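Chains W and C are the protein sequences, given in the same order. Each residue of the first sequence is one higher than the one before, counting from 1301 in the working numbering. Each residue of the second sequence is one higher than the one before, counting from 5 in the working numbering.
I should point out that these hints are in silico values taken from the structure, not numbers from a laboratory. Quick caveat, the model's predicted, so the values are computed rather than measured. All clues stand as given, with none of them false.
Label pairs and their calculated CB-CB ranges:
#1 Gln18/C x Thr1320/W: 44 to 52 angstroms
#2 Asp35/C x Gly1351/W: 18 to 26 angstroms
#3 Trp99/C x Val1388/W: 24 to 32 angstroms
#4 Gln1317/W x Gly20/C: 45 to 53 angstroms
#5 Ile24/C x Gly1340/W: 19 to 27 angstroms
#6 Ala112/C x Thr1307/W: 25 to 33 angstroms
#7 Gly87/C x Lys1309/W: 22 to 30 angstroms
#8 Gly45/C x Thr1320/W: 19 to 27 angstroms
#9 Val1312/W x Pro56/C: 40 to 48 angstroms
#10 Ile16/C x Thr1370/W: 42 to 50 angstroms
#11 Gln85/C x Val1388/W: 24 to 32 angstroms
#12 Val58/C x Arg1344/W: 26 to 34 angstroms
#13 Gly64/C x Ser1318/W: 41 to 49 angstroms
#14 Asn31/C x Asp1356/W: 15 to 23 angstroms
Calculated cross-link-like contacts (lysine-lysine; reagent style BS3-like; alpha-carbon spacing at most 27 angstroms):
#15 Lys46/C x Lys1309/W
#16 Lys46/C x Lys9/C
#17 Lys102/C x Lys62/C
#18 Lys1309/W x Lys102/C
#19 Lys102/C x Lys75/C
#20 Lys9/C x Lys62/C
#21 Lys72/C x Lys62/C
#22 Lys62/C x Lys75/C
#23 Lys46/C x Lys1314/W
Over the 12 angstroms line for every Cβ pair with chain C, so calculated as not near, a few chain W residues:
#24 Val1312
#25 Met1319
#26 Leu1379
#27 Gln1385
Backbone N, C-alpha and C fix where the C-beta goes; we use that ideal spot for every residue, glycine too.
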Amino acid sequence: NAGVTQTPKFQVLKTGQSMTLQCAQDMNHEYMSWYRQDPGMGLRLIHYSVGAGITDQGEVPNGYNVSRSTTEDFPLRLLSAAPSQTSVYFCASRSSGLGDEQFFGPGTRLTVL
Amino acid sequence: QQQVKQSPQSLIVQKGGISIINCAYENTAFDYFPWYQQFPGKGPALLIAIRPDVSEKKEGRFTISFNKSAKQFSLHIMDSQPGDSATYFCAASHWDRKLIWGLGTSLAVNP
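For reference, chain C alone in the conformation it holds in the complex (with noise of 0.2 angstroms):
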């Protein structure tokens, strides 16, 4: 059972363009929500993260927006650049801080 559901798969945007990526989860204990980046022959590494107790948090072109009661969050790459192309990764985790992953989105950003 997945606890932690991303969607899209895949998604390919326009340079200058909004990417948008979503994740739901199950379980309310969880209280911290992280976003990986990799690129192709790396491994993943932290992009951006939030708690459960703000609705949003930006960092550069990247935002990440979270809704407690509908239990979802998402990222956002404003001005999406080809530079961004990469897997995306959401995860999640509680008290035992091991991390519930989603599948991955591949983002492709056309120039």
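Extracted from the complex, chain W is given alone in its bound form (with noise of 0.2 angstroms):
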């Protein structure tokens, strides 16, 4: 198993530039989320996915697009990057149930200029 699978590892952006963030994994978990994590801040909740078709917004989604047309791959999109932007996202994974562990893949660091 490779687990949560995030590319690339690091990007350079400028402003107004858009990109996809992917993420995949390989355990057939249902749940996947983004986060984002910024200095100070914690882990901020993008966007997460109960399923296959089904998506939501957490508590920072503006700028992002999700969609999850597999159980595998939940990408995440950024339609106009902006230096706020600059943060490094990671993807999770758990399956349902009571308290599963959610699995995190290595991040993405993004740098947007």
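Combine both chains into one complex, guided by the hints.
What follows is the structure in structure tokens.
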């Protein structure tokens, strides 16, 4: 099992550019989430999905889109990058059920100039 | 409004000492309280978790103490080692299973 994989590891964008952060998991988990991590801010939920075809907004969804066409993949799209989106992005997955462990990917470090 | 408050923000402990990190929550509907450990350049990983029907859970050198009436829970790391140097996050969730995170504690264990 590869677990949760994310690509790319690092990315530099210019303001206004768009891009997609990729996330995949091979554990057949129903739940997948995207977080951003900023110094002193902890982990903030961007979007999440409870299964293929079902997505919902988290705490900080503005400027981001998601889709979930398969159980395995949950890409995060930045529509028009802004310097405020400079952050480390983590994808996570877990199975349904009470208190199941959430597995995190290695993260993508994004810089928007 | 932060629903899970974590303290301290940073902590320095000597090798062999006890590291203690505290969290307080507001929502009495929370029923799952995990602690995650994050090393630099890595994603967080589950360390230990507790449900409110027990007051303490121990796994090796790591113990969660839970005080339901005070709405507080804490992580104790016994015999702290330099390899424990990491950022620790507490979290809480209820029926929707969305985790509400504390802001993290950066732990440094001096050799």
